[in-house]
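Protein chains: 2
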Amino acid sequence: MRELPIHIQLDPQNGKTLYEQIYEYIREEIRKGNLLQDERLPSARFLSDYLQVSRTTVDMAYGQLVAEGYLVARPKRGYFVSTTEGLYHMEMEAGWEKEKPPLAQRKPGCRYDFSPTAIDMSHFPYATWKKITRNILVDARSQMFALGEPQGDLELRRTICRYLHGSRGVNCEPEQIIVGAGNDFLLLLLEKILGRHVHVAMENPTYIRAYKIFRSFAYPISLIPMDDKGIRVDRLRESDAQIAYVMPSHQYPTGISMPIGRRMELLRWAAEGQERYLIEDDYDSEFRYKGKPLPSLQASDRLGHVIYIGTFSKAIAPAIRVSYMVLPYPLLEKYRRECSFFSSTVSRIDQTILNEFIRDGYFERYLNKMRKEYRMKHDLLLGELKAFEKDFAVSGGSAGLHILLKDLRGRSEEILAQEAESEDVKVYCMSAFQMKESDMEMTNEKKQKSPATMILGYGGMSEEEIKEGIHRLKKIWIE
Amino acid sequence: MRELPIHIQLDPQNGKTLYEQIYEYIREEIRKGNLLQDERLPSARFLSDYLQVSRTTVDMAYGQLVAEGYLVARPKRGYFVSTTEGLYHMEMEAGWEKEKPPLAQRKPGCRYDFSPTAIDMSHFPYATWKKITRNILVDARSQMFALGEPQGDLELRRTICRYLHGSRGVNCEPEQIIVGAGNDFLLLLLEKILGRHVHVAMENPTYIRAYKIFRSFAYPISLIPMDDKGIRVDRLRESDAQIAYVMPSHQYPTGISMPIGRRMELLRWAAEGQERYLIEDDYDSEFRYKGKPLPSLQASDRLGHVIYIGTFSKAIAPAIRVSYMVLPYPLLEKYRRECSFFSSTVSRIDQTILNEFIRDGYFERYLNKMRKEYRMKHDLLLGELKAFEKDFAVSGGSAGLHILLKDLRGRSEEILAQEAESEDVKVYCMSAFQMKESDMEMTNEKKQKSPATMILGYGGMSEEEIKEGIHRLKKIWIE
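If you're matching them up, the sequences are chains A and B in order.
Under my numbering, the first residue of the first sequence is numbered 1268, with each subsequent residue one higher.
Under my numbering, the first residue of the second sequence is numbered 1268, with each subsequent residue one higher.
Read the hints as simulated data drawn from the structure, not as lab findings.
These figures come from a predicted structure and were not determined experimentally.
Warning: the hint list may mix true and false statements.
Stated by the list, open to error - Using C-beta positions, here's what the derived DEER-type ranges look like:
id, chain 1, residue 1, chain 2, residue 2, range
1, A, Glu1688, B, Phe1608, 21 to 27 Å
2, B, Met1643, A, Lys1343, 27 to 33 Å
3, A, Arg1638, B, His1390, 45 to 51 Å
4, B, Arg1401, A, Arg1638, 29 to 35 Å
Claimed, not checked - Straight-line C-alpha distance at most 27 Å; calculated DSS-like pairs for lysine-lysine:
id, chain 1, residue 1, chain 2, residue 2
5, B, Lys1496, A, Lys1397
6, A, Lys1459, B, Lys1601
7, B, Lys1657, B, Lys1741
8, B, Lys1496, A, Lys1343
9, A, Lys1741, A, Lys1657
10, B, Lys1397, A, Lys1459
11, A, Lys1639, B, Lys1283
12, B, Lys1601, A, Lys1479
13, A, Lys1496, A, Lys1734
14, A, Lys1398, B, Lys1397
15, A, Lys1673, A, Lys1734
16, A, Lys1479, B, Lys1496
17, B, Lys1734, B, Lys1673
18, A, Lys1299, B, Lys1496
Said to hold, decoys possible - From the derived model, a few chain A residues whose C-beta atoms are all more than 12 Å from chain B:
id, residue
19, Val1320
20, Asp1380
21, Glu1690
Just so you know, even glycine gets a beta-carbon here, dropped at the ideal spot from N, CA and C.
Take these sequences, add in the hints, and give me the full structure.
Dropping the structure here:
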C-alpha cells in the first residue's frame, strides 16, 4: 500500500467540503501520473480512519471518482485506478490569450444621427405593457410556462390573422402563420423549407441584412435593377431566379411604392414557373402618412405564390422579438412534413402579452399615435429641407421613416457624408445599399454613374435634433 | 365623359368612410375592366359636386388610387386610368380549400405517461418569477425595449459564465457565449458558422430532434455505435466525421455517463484532425443525484475543440426559450466575421429576468429543490421496480429523469408497449432512438439483435401516478 493518504492536507476552512478535497486530490494524483493504472487505493474504511473523516465522506469521494471514470470498483477487492491510457496530458497552451480576436470597435456616433432604422420609443405605452404583463402573470398557471406549439400559440396567430387582414389585406388562415423570434430566425427556417441551391433575386439597392442572410445560405443571388415603379420584372425574368425577395409597399432604401401594374407583373412572373415564390418583406407598412396604407402584395395573390413576412419589432419595440411568416399552402405542407420539429422560439408569456396588446386595441392606438408623431417629424424635416431644393431633389416621403436627398451638383456621397460628419451629423449613403453580384463591396461604377443620394432617417430623432441637424447640413451643403 | 359617377351608391351608414367607398368603387371598376386604360376620370371638383361630398374626400380617394397605381395624375389634364396591361385577372381557384393539408391528428395520450422529456413544473417559483418581472418592469426604461446585442446581454452572459464554471467546470469568457431562443436556433446558427457539407457523427441511439436538425442541414451523418462507456472512438475514427455531437454527462436515451478515459480519447480524436469539433449537448446535467455532477467535457478541453450547448428550458421551464452556446475561439472569430449580423432572438426583458433569477440565487435554490423532488420520484420508481428484477435489468438511474428496463425474457418492444397501452400506460421504446444511416426508420435488424429496452421517464409524473402506472405494468409485464 502506497503512502498516498498522508499527503492529503484537509482544510475545513478552505471553502470546499472535505469530500471535494479528497476527490480533487486523488483526481490530480491520477492526472499527474502519481497514481498509476490498476494501482489499488486504500480502503474507504482505512482512509476514513486515517483522515479522521466520516466513512460517508470517503465513500462520496470514491463514488464520484468512479462515476467520472478515474477509479473502478472491483467487488470485494476495492478501488483501483482505471485505465489511464487515454488520459490526455496537454497543458493550456501558452499564448492562448493572444488568439482571442479583438472585439469589434464601435466608433462613437455623431451627435445628430439621421439613422434610417432608428425608431422613437418615447411614446411607447410602457404602463399598458406592464399592466398586461402583471395581469397575465397573476393568472399564469404552469400552462403558461410550458413549451408552446412550434408555429406559435393559436390565439396569437388568430389575432395576427385578423390584424393582417384588416390592415394589410392579407388573406390567410391562422394555420398558415408561423410566429418566430425575429425575421432572421424566420428566414433561417424558410431556408429549411425551400431547400438548398435556391436561386434568389433581390432588388438593388436592398436591405443589407437580408442580403447577408441569403448569402449565408449560399444561395445564388441575382441583383435586379429597379426603375421608379420598383423591381424590373423584365430583368427578373432574364435572371434564372426561383424566388424574389421584394418590399412592394415601401422599398428599402429607395422608398418606392410598387404600383398595382408592377405587382401584377410580379405575380404573373411567379405563376409562370415551377415553384416560384415571392418573399414579401412588409417591414414598415404601418407607417404610411398619406391615405390608407397600400394593401400588401399578398392581398393580390390568388395562387399562393407569396410568402409574407412582417414583424412587431419595428411597430412596437425592437425588444419584442416577434415576427410572423404567412406560408402559402404548398410550402405550409412542406413545413409540416419536414420542419415542424423546430421548436417555437418565442415564450408563451411573450406571445400572450402581445396577443392582448393587439386584441384589446392598444396596438392600433399606439400605431395611430406614432403615425401622427412620425408625420409631424416628417413634415418638419420636409419643411426644413425647403432651402435644399436648389441643390437636391427631395423624395421618398409618403411612407416609412426616411427621405432621400439626391444631389444635383455632382458631388460624391463620400464628400457629402464627410462634410456632415465634420459637423457631428451622421447621414447615410445610398451606395452602401447597392451590391455587386456575389460581392459585398459597394458598386464603385454605380457611384460614378448615378447621382449621389443621401438617406436621412428621422424616426429616432427629436424635433430639436432634426432642426439642429438640418441647420448644420445647410451650412456645409448649400451655403 | 362616361357616366361613371352615377353608379356610386354612397352609404353614410355602411361603416366605411365616404372616401373609402369612392376609392373601392373605382378600383373595382378598373379591376373588372369597366374602366379602361387611359380613360379619363371626372375631375375631382365635378365628382365632389355630383356626389355632394367634400372636395377633400374625392382628393383622398383619387390620391389613394394614384398611390396604388390604378390612376395616374397628369398635370393640368386630370386623372387617367393607368396601364392595366399587367393586371392579373385570376380568380380564386375552386378547390383551393381541398389543398389544405390536414392538421396532424394528435392521439389522445395515455392516463399514465412515462415520458422521458416531461418535467415537473408544480414546484416552479412562480411567485418569485412574477416578482422579478414586476420589479424589472417598474424600473424598465426604453433601454429595456431596445434590441440587445446579437450574442445576448453582457450581464446575462457573465452570469451564465459564472454558473457554468461553478456547476459544470466550463472554462470560458462571457465573450464566447451566444444566447439564443432555444437549442434549435443555436444549431441553425452553428450551421452557418461551421459551413456546409460538414460530416457529423452522432451516438446511436441519440436525441432524435438533433438528428432531424442535422438532416435538415443536409450534413452527411455517421451513426456511431456505443459501448457501456459511451461513443466508440475507434468507430468514430473510422468514420470520416469532422464534428461529433455527444452527450457525455448523461447520454440520451441510454443514460451513460462517459468516464474520463473515454472523454480523453474523444478530445484526442478532435486534436488529431483539421478543424474537428465536439458538440457537447449538456441538456440535463443539473439533475444528478449521486455525488456532485460530472464536470462537462468542455472542462477537460484545453485546445478549444468543444462547442458547449446548454439550455434553461429543462432546468427552469420549457417556456423559457433561452439556450446558450460556448464557442471555442477559432469558431468565435468565424462567428464574428460572418454571422454576427443575425439579431438576438431573446428579448432583453426575458434576459434580464433570467439574469436576476440566477444571480440572486433563486435558480440554485430551485435546482436543489428539484433534485430532491426528482430523487424522491426516482427512488420511488426504483423501489416499485424491485418486483421487476427477475424479468428486467434496471439501469440508468444516477442522473437525468428516466430509467431503462431491459427485458430478459425475449419479448419485443412493440409487444411490451402495446401491453402497457392496453392498461392506459405509455412507455417508450429504445428502438425509436436508433437510426440507420441516412434513414429515419427504426433499425429493424437492431430490434432483432439487442434485447427490448423500455424507457420510463418520471419527471412529469406525480408519486401517485408512478405507483399506479407501475402497478398496472406489473399486472401485464411480470405476472
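List of violated hint numbers, smallest to largest: 5, 10, 13 and 16
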